[in-house]
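Enquirer: I would like the entire structure built from these sequences, with the hints used as guidance.
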Amino acid sequence: MGQGSALPDAAPAPPRQKTALSVNINKVALLRNTRHLDIPSVRRAAELCLEAGAHGITVHPRPDERHIRADDVYEIAAMMKDWPHCEFNIEGNPLQNLMHFVRELAARGLPLHQCTFVPDAEDQFTSDHGWSFPDDAGPLQPLIEQAHDRNVRVSLFMDPIPEAMAAAKAIGADRVEFYTESYARSHAEGHDAEALKRFAQAAQAAVAAHLGVNAGHDLNRDNLTGFLRAVPGVLEVSIGHALIADALEMGYAAAVKDYLRCIDEAFSPHVA
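All residue numbers for the sequence shown refer to our numbering, where the first residue is 1 and numbers rise by one.
Read the hints as simulated data drawn from the structure, not as lab findings. All values derive from a computational prediction rather than experimental measurement. Built from N, CA and C at the ideal position, the CB exists for glycine as well. One thing to keep in mind: the hints can contain errors.
[To be verified] With a straight-line Cα cutoff of 25 Å, these simulated DSS-like cross-link-like pairs (lysine-lysine) come out:
#1 LYS169 to LYS197
#2 LYS18 to LYS257
#3 LYS169 to LYS27
#4 LYS257 to LYS197
#5 LYS257 to LYS27
[Stated by the list, open to error] Pairwise CB distance ranges (calculated):
#6 ASP64 to HIS191: 33 to 41 Å
#7 MET250 to LYS197: 15 to 23 Å
#8 ALA166 to HIS129: 16 to 24 Å
#9 GLU65 to ALA245: 30 to 38 Å
#10 GLY251 to ARG103: 15 to 23 Å
#11 GLU75 to ARG185: 28 to 36 Å
#12 GLU51 to GLY109: 21 to 29 Å
#13 ARG103 to ASP258: 17 to 25 Å
#14 PHE267 to ASP135: 30 to 38 Å
#15 GLU65 to GLU145: 24 to 32 Å
Expert: See the structure below:
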């Protein structure tokens, strides 16, 4: 090739969309419920997190109301009208009480941007697995359609199984939320490379299936940056237990800002 005929530079890859932080305030409600004084305030906790820069609020109202109660859902939704650039996400089992809230919020004209379908039993201590395909496809598909009829995005709580991503998309899901406890555990034990590889492969399969990717469960200030660096396309992380625990020591604002710092670091140039 002669002088002056060098190949043009390849187009740079588009920048990754920075991950949003949604704060799950269930544990504030859990503490509140131990007394009859309405303190700490669940609404005030949500406001302080949003004021500090959180991009959204998540609640998980279980049927036994062990933490978030029905009144909390409607109060937080009404408050979110003052935060039009932030998102309200309700998670729970659509075969239990979740769809009641989806329908009722729409009927009241209150904001709900996303509902996350989680396959937990009524008496389950905490969420500990994702949906299974093809077994769960039949019950979920009409419920996804009901949410879409009310202009609500649907995310399915999923284990990092690449071959399940296309199945989730096929029944109408908009996103998947990866259940990240296995990564958090392996990170704490000092050997997370294999877990990160598994989540990265699942994320790639989700993006290929035209699904958005969320993540949550046991993510914290120690493991969040590494996860986001390794796993492509994560649009949102939902963090509750660790962030609220940190807030007991640091305050809501400082805790939220430090999680935002972790996200910023994941999207900054770094030495491998």
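Enquirer: Mind listing which of the numbered hints don't hold for this structure, in increasing order?
Expert: Hints 3, 4, 7, 9, 10 and 13 are the ones this structure does not satisfy, whereas the remaining hints hold.
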